[in-house]
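**Student:** One line per chain: the protein sequences are H and F, in this order.
If you read the first sequence in this note's numbering, its first letter stands for residue 783, the second for the next number, and so on.
If you read the second sequence in this note's numbering, its first letter stands for residue 783, the second for the next number, and so on.
By construction, these hints were calculated from the structure, which means they are not laboratory data.
Treat each hint with caution, since some may be false.
Any copy will do: because identical chains look the same in the list, a pair fits if it lies in one copy or spans two.
With a straight-line Cα cutoff of 30 Å, these simulated DSSO-like cross-link-like pairs (lysine-lysine) come out [unchecked claim]:
no., residue 1, residue 2
1, 1064, 956
2, 1652, 1758
3, 1064, 982
4, 1191, 1652
5, 1321, 956
6, 982, 1209
7, 1241, 1573
8, 1174, 1131
9, 1192, 1178
10, 1573, 1630
11, 1064, 1747
12, 1178, 956
13, 1528, 1192
14, 1652, 1452
15, 1174, 1471
16, 1321, 1178
17, 1662, 1131
18, 1196, 1321
19, 1758, 1747
There are 2 protein chains.
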Amino acid sequence: MPLNFQQVILTLQQFWAERGCVLWQPYYTQVGAGTMNPATFLRVLGPEPWNVAYVEPSIRPDDGRYGENPNRFQQHYQFQVILKPDPGNPQEIYLDSLKAIGIDPRQHDIRFVEDNWEQPAISAWGLGWEVWLDGQEITQFTYFQQVGGVTLDPVAVEITYGLERILIGLHNVKAAWELPWTETITYGEVRRQEEFEHSKYYYEVGDVQAMREVFERFEREAEACLANGLVVPAHDYLLKCNHTFNILDARGAVGVTERQGYFRRMREIARRVGEAYLEQRKALEYPLLKEQGTEKKGIGNGASTARSPLPTPSAPLPFLLEIGTEELPAADMDTALSQLRERVPALLKELSLEHGSVNIEGTPRRLVVSIDTLSPRQPDREDLVKGPPADKAFDKDGIALPAAMGFAKKNGVKTTDLQVREQDGGKYVFAVVSQKGRPTPDVLAEVLPKLIESIKFEKSMRWLPASRRAENDPGAAFSRPIRWLVALLGDIVIPFEYAGVLSGNTTRGLRPYDSPEIMIPSANKYENVIREAGILLNKEGRKASIVEQVNQSAVLVGGEALIEEGLLNEVSNLIEMPTAVMGGFDREYLSLPREVLISVMKKHQRYFPVQKNGKLLSHFIAIRNGDDIGIDLVRQGNEHVLGARFADANFFVREDLRQPLEAYRPGLSKLIFQTKLGSMLDKSERMLKLSAQIAKMLELDEVQLLNLQRATYLSKADLVTQMVMEMTSLQGIIGREYALRSGEQKEVAEAIGEQFLPVPTSKVGVALALADRIDSLVGLFAAGLAPTGTKDPFGLRRAAIGVVQPLIEHNISFDLSEAIQKAAKLQPIEVKVEVQAQILEFIAGRLKVVLNDAGYKHDVVEAVLAAQSKNPASAAQAVKQLQVWVEREDWNSILSGFARCVRILRSQSKDPGSRTVTESQIIEAEEKNLYEAIRSTVHRAPSTVDELLNTVVALIPSINAFFDKVLVIAEDETIKQNRLALVEEIANLSTGVADLSKLEGF
Amino acid sequence: MPLNFQQVILTLQQFWAERGCVLWQPYYTQVGAGTMNPATFLRVLGPEPWNVAYVEPSIRPDDGRYGENPNRFQQHYQFQVILKPDPGNPQEIYLDSLKAIGIDPRQHDIRFVEDNWEQPAISAWGLGWEVWLDGQEITQFTYFQQVGGVTLDPVAVEITYGLERILIGLHNVKAAWELPWTETITYGEVRRQEEFEHSKYYYEVGDVQAMREVFERFEREAEACLANGLVVPAHDYLLKCNHTFNILDARGAVGVTERQGYFRRMREIARRVGEAYLEQRKALEYPLLKEQGTEKKGIGNGASTARSPLPTPSAPLPFLLEIGTEELPAADMDTALSQLRERVPALLKELSLEHGSVNIEGTPRRLVVSIDTLSPRQPDREDLVKGPPADKAFDKDGIALPAAMGFAKKNGVKTTDLQVREQDGGKYVFAVVSQKGRPTPDVLAEVLPKLIESIKFEKSMRWLPASRRAENDPGAAFSRPIRWLVALLGDIVIPFEYAGVLSGNTTRGLRPYDSPEIMIPSANKYENVIREAGILLNKEGRKASIVEQVNQSAVLVGGEALIEEGLLNEVSNLIEMPTAVMGGFDREYLSLPREVLISVMKKHQRYFPVQKNGKLLSHFIAIRNGDDIGIDLVRQGNEHVLGARFADANFFVREDLRQPLEAYRPGLSKLIFQTKLGSMLDKSERMLKLSAQIAKMLELDEVQLLNLQRATYLSKADLVTQMVMEMTSLQGIIGREYALRSGEQKEVAEAIGEQFLPVPTSKVGVALALADRIDSLVGLFAAGLAPTGTKDPFGLRRAAIGVVQPLIEHNISFDLSEAIQKAAKLQPIEVKVEVQAQILEFIAGRLKVVLNDAGYKHDVVEAVLAAQSKNPASAAQAVKQLQVWVEREDWNSILSGFARCVRILRSQSKDPGSRTVTESQIIEAEEKNLYEAIRSTVHRAPSTVDELLNTVVALIPSINAFFDKVLVIAEDETIKQNRLALVEEIANLSTGVADLSKLEGF
């Protein structure tokens, strides 16, 4: 019989107490996680050691499911452990704790899945993992990097067990409610009724106004506490603010901007609490630090300081470097491999080390560099080193002056060996420095740490405590902690230390086999050793294996697997030994929207969905890390998890569908769009008016207009459905789905669904998207929220692109400036003319990016946009055409002909357009010829680039003849002006089409 | 090495888990005690079984001591256990748990000290004990009787360990801060800094207005939850209200009346929460009940149902009944003993059982009835039973009618044996019924349960679960649970069952010896057995032993013990084997006010103080239950406790004395006296004005007036000092002390100290007390808060007595009606004339009680009060005099002489006082004689009873002669009226002195 709920807690308490943890208690005010308990939040700050373990019944109002979900509740029991500093093997200790409560890693699939933890309410972040047990997240494992805005040193390891989920895995029950709390009482008997009640309270009963007021009061109390230096009381009120906010949030009462405001306020308090705590501990002289002793070790440990001289190989040898890490995130693994692929050959070249083929491989736990053969030593070489100018080095008599002596000494040569050579028109002293090639082992011992250090990640972490670092050394930074290093040249261990780890010849095996230490006799044996350990080192090999297994599995149920490259790549980066596990789920869930099903399977679970004839089957394929021992347990676990996730989605959809989509619209009044711009309902009302005007601009027919109006009316309603509140990425998708199920027109539903696509397919969809995006741009610019620098909290750059792209792709002519003007009139705040111009310019900027990204030449894009940026579609057409023209062989002559007209006008001061051609004043033949050519060619102002340039081409001979023969700048002012007027007629042809002067070669 | 803090918790968790408890977690909102956690508060309600154990870090803001007190903190760790139903031996299980954590009862003094737990905020109460470990309260042990206004069935046993105090005992450290939390970290390192911070927050920083508002919001949330049937969320908000109230309270912001209001509101929610929970569980059909099976046992268990016939003794035998209980409260033991002393002989008489001497003894754990000899059986006897009237029983022919037949059958006689006898003037049928005496064992088996049941206590409790009771039987009620019964007649066990316990011949020994079971071979061996077990059964014996030991101990330190009878009596009721333990405390505490020291030692600790030449020494004497093994540990423990208590008092006094007493006065504005009547400061201001007027009425001299004004000004200031807030009973005492230390006049200080005495010694003290009490009476009556029935929340009856008594004892003439009128003018609300009259009447009522209680005859008191109730002192004098008069031998003649005058006037209709005597119309000699007697005797209206009656006595001969000879009711109207006028002059003499017509014999 597996341990019951309370036995698991007792066992974990005992386990961690034996490992030196203070056993602490749950906090006396509601917290969303054990992290918020001051035993974590405060004690992780500062240099003092702190090891603690405690249960935390964590309260998250919006996770409430009325007791209906098998493993999602507004309250769940966490078991929280903090280890500060990092003990060096926290993952292994953690896995031991799982064994202590009866989870045998051999029988399950235990995985460390990337999780970059961030808690904006307390200005905290860290890197680590979700630990999965058969697909179920049972633990969060984080190396805290920052808390309360303070960078942690030492870093603290946080291990947060999700007790219910662990017990579900242990007991293989369908829902937490069935878990035994004691021998005779179930978890459900103790908890289920109150779960229902709290859910109802948080979702339906809590008084929004009262909670807002309470938040204010608590915030002021926190501030009063801080003003009096009361750290823990201030923190308490921060927690109370947080919980109060969570109630408001669960009630759906917090808009986007308002949320930011609340977070900002909480973050500010968190920051001040953290600071105050640090100051306090400093003033107390870090009592816990003294107690533990301040003994610091220098770099390296005893073993490495007394190093015997390295042998020098006599012949080329194979080389192996294995960087053993805790589980790397999928993307980090890729980025590390590609850096190594670039860096290693370059490094060998720099080092002048001859080598055979270089092979870079990796799994989540190891980055491997192997080199077929590596020269036993560097070749000797001579370098010519430049010294001071000759006349400063030697006097007239050739006697060495101090400059020469210094230079010679520095380079280890005699002054008499210095040579004088000419360089860059001067005479300089040179030394010929012979450099003896060093044995490869010595070179490697020196460069390998640097090689590892050179690997950079988008987000990296530190983990080494000060006691294991040199003074002022911040410690190694890496994607995840490095735990072992193998460096072998043949069978010679290349000794070095990095990140507190000494290199050696011992690797570690598969996680599910308990990561056994395995000795590698020599570099060329590595591949065998690893293969025998069951590890598929080659990523493509893992991918192929996954694809094969997944396909085979799908066939078994008569379907085909949906294998998306992104997912395949990710999954192959998550395991070292892939084994496909096919599982099923309740067919009733197939009634959920397809996107929901797929999104849950792929995004949340990294499963491959299975379909048949384009319809999903009630199966999924998971990839386990390890072999097939205990595979049934693994399957059941994964099935349970997916079932729970689908139950959750089902819960939302079912709850949501109690009313038609339309019924949600009024709820938008509770979502603040932006304080000055009102609620989402206000925005929706504006959109309704704007889309009617846009419809006219787009010349929609009557049916389209009706559909657009309805779609706009409903467009934002899904934001307040539970499903979207849960998975925001489903906005629009859910709107479409619910619209259909509410009996709306298909076109209406599609438009709703398309509004978030970069480019909606239907014209109605485009119109809706335009109304949405233009309203946002105009309103938010007017509210002073234009993007600055890298900050773009409202995604206005994306919105602008979203205006431009559909117009281009649908090739819809559209006057942005008119649309902006119309949208401006609808805003609740004034949108000044300057601001409107600014918005137009901003969109034009995005248009430019779009066009550049499409591969058009910069000058072409600039030329067109200088003339027409209000109308993206026509601008795009123009760019397309112009790009063809500039690529013509005769382009130079065309451009230069046209340019002659433009340039001569520029040299004259008179305003363009003020001149007119008077036929009677035409004197010369070429002049006349040009005049007539214009009259016969140009019948109206060209509206496209092609029209413009075809005209220009037709005129080129006449233009050239005119300029060659006729003196435009005649002495007679009248004649001169008449000739200029003629030229101007040509130059003006480009007006509104393109400013050709922006083109290269103009 | 004793267990550290977290090991104790782990051990207790393990211990109780093994005994079937659900291990629960601390609650997620601040609670003052584990009781408030729904795992207790809710789960103890209703019929379902529930056993639970958990840690509760309990928050009590006003226990904060800035981390300076060794064992008093705003947060302490409770370990809470609920056993429902009572397992039958919870004390023993509890003592086992102490052993499990390393507390050997043999080495310590573990005591169960009466504690009647009450929690008004949740309408809950229960009976039980504080468990003392060497004088330190380490556990509260309670049989819950009611929670949330709901009577519990089954009753739940609550065991609340105070973990810090237990560990202090275990580790014998000076303060909790020094306790090891783990091997390397102390309790202080984990908790002390935050203790300081919280204290500061609760006492100095918390925003009163904000907390009031938050309370309102939370209360409304609780109500909204209740309206939606959400029990736990409602309860959560009740807890939040409670904590918010506690903050307000710690800030000193809650006045007396306001407090009642807050409590009423919280109680109301608690009641509704309790009700809602019960309904909910019922609707759920009590899931935990089903699970455990509903198996019910009838009365008794297997052993008792098959009972073999009892032997009948052949000769008188000694008898013993021992009722073995859990520790009885001291007063309950006394009351039980006195009931048994009265009841047992009466019972034996009723049963016609001849017996030798009856001896009733008791200790906290046993009530013992022993009878030297008891007749082996009842004597036989004949009873004459009255039947129907003779004529209904027999017809004229003497044939028995149905009435006779029925009567005969009922009484087991033949109709022919019926006798006809006369009774009450009628003839009836009688049956002579012979009753055979029954053997004493049978009789006892029947009556002993009833005897036990007949013992009543002021507060009694139930504990038996329904499963061990007959249907509809509420179960036994007793002071504390009965756990064993010994009933022996000689060596015959008298078998019966009471309260689920079967009688037998096994008693239990001393607690410190683990209450071993001891067989009693026969009744007459009991005394020996008990003595050998070390138990002093006789209370006087215990008292004598205590006195002797205490005196001896005191002599050792050259002092004398202060042995107050009340304390001695109590202590002797708390132990079975007294052993004196002398301890000392830090001499610095001797600077605390004597009353504080004594009150702490006696009231809190039941120690005997030691003094020398009237000055306290730094010693105390405690009485241990048990022998002197481990006595040093016991001493140290007790010293620690007392030290902590003194440290606490010292803390208060030191904090308080940072400012002079005067500085506290403004703080009275925060104490509400009564909503309509304003704050205590308002009251104090009124008193200042009133006392000035009272001073005039009392004719104080100038110095007295000045002192009175100052004393009144300062009189209430001590109410807001910390020491008085902590021990309200010290009000006045602390005022006096602080006044002296603030440099006030001795007279001023004394008056402040005397204001709460029933009768102040100084005249200034009297004036102050009068001002206080009259203001309260007048104000609260006007506010509609006059006492009704048994309700007198403001103690107005006591206040009225407090007005009357000083006036009487100091014999101060004082016009109450004038004082009331003056006080009325000072009130912030109107005091109508009717209300003033009502107040006067109310005080007169108390005056009457006082005089009656003083032993004066009721009629005497009534006679005086009918004439003068406004002036208690003179009324008392009058009563005193009158009482002497009515006891005179010639009183009847005096009274009847006077009465003749009064009575004859009553028979005449004319208004009294409208007549006048005209000398010229006097005719008869006796008439003339009386007229002259009056003129020579009465020179002014008598003002005292003596004056009145001496006058009357002087007139009696003339009066009698007058009435004997003169026809008062003459035919001539003028003569008649003149004679009546003469009589009236005599009758009127008593006006304003006494209404003699109220006297017996008038």
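**Student:** For each hint, tell me whether it holds in the structure or not.
**Tutor:** Tested hints:
no.	hint	result
1	1064 x 956	between (50 Å within a copy, 27 Å between copies)
2	1652 x 1758	neither (36 Å within a copy, 130 Å between copies)
3	1064 x 982	between (46 Å within a copy, 20 Å between copies)
4	1191 x 1652	neither (70 Å within a copy, 122 Å between copies)
5	1321 x 956	neither (36 Å within a copy, 65 Å between copies)
6	982 x 1209	neither (89 Å within a copy, 80 Å between copies)
7	1241 x 1573	within (19 Å within a copy, 72 Å between copies)
8	1174 x 1131	neither (36 Å within a copy, 139 Å between copies)
9	1192 x 1178	within (23 Å within a copy, 160 Å between copies)
10	1573 x 1630	within (20 Å within a copy, 87 Å between copies)
11	1064 x 1747	neither (89 Å within a copy, 112 Å between copies)
12	1178 x 956	neither (98 Å within a copy, 91 Å between copies)
13	1528 x 1192	neither (83 Å within a copy, 95 Å between copies)
14	1652 x 1452	neither (36 Å within a copy, 70 Å between copies)
15	1174 x 1471	neither (82 Å within a copy, 107 Å between copies)
16	1321 x 1178	neither (68 Å within a copy, 127 Å between copies)
17	1662 x 1131	neither (45 Å within a copy, 126 Å between copies)
18	1196 x 1321	neither (56 Å within a copy, 114 Å between copies)
19	1758 x 1747	within (14 Å within a copy, 167 Å between copies)
The earlier numbered hints that this structure contradicts are 2, 4, 5, 6, 8, 11, 12, 13, 14, 15, 16, 17, 18.
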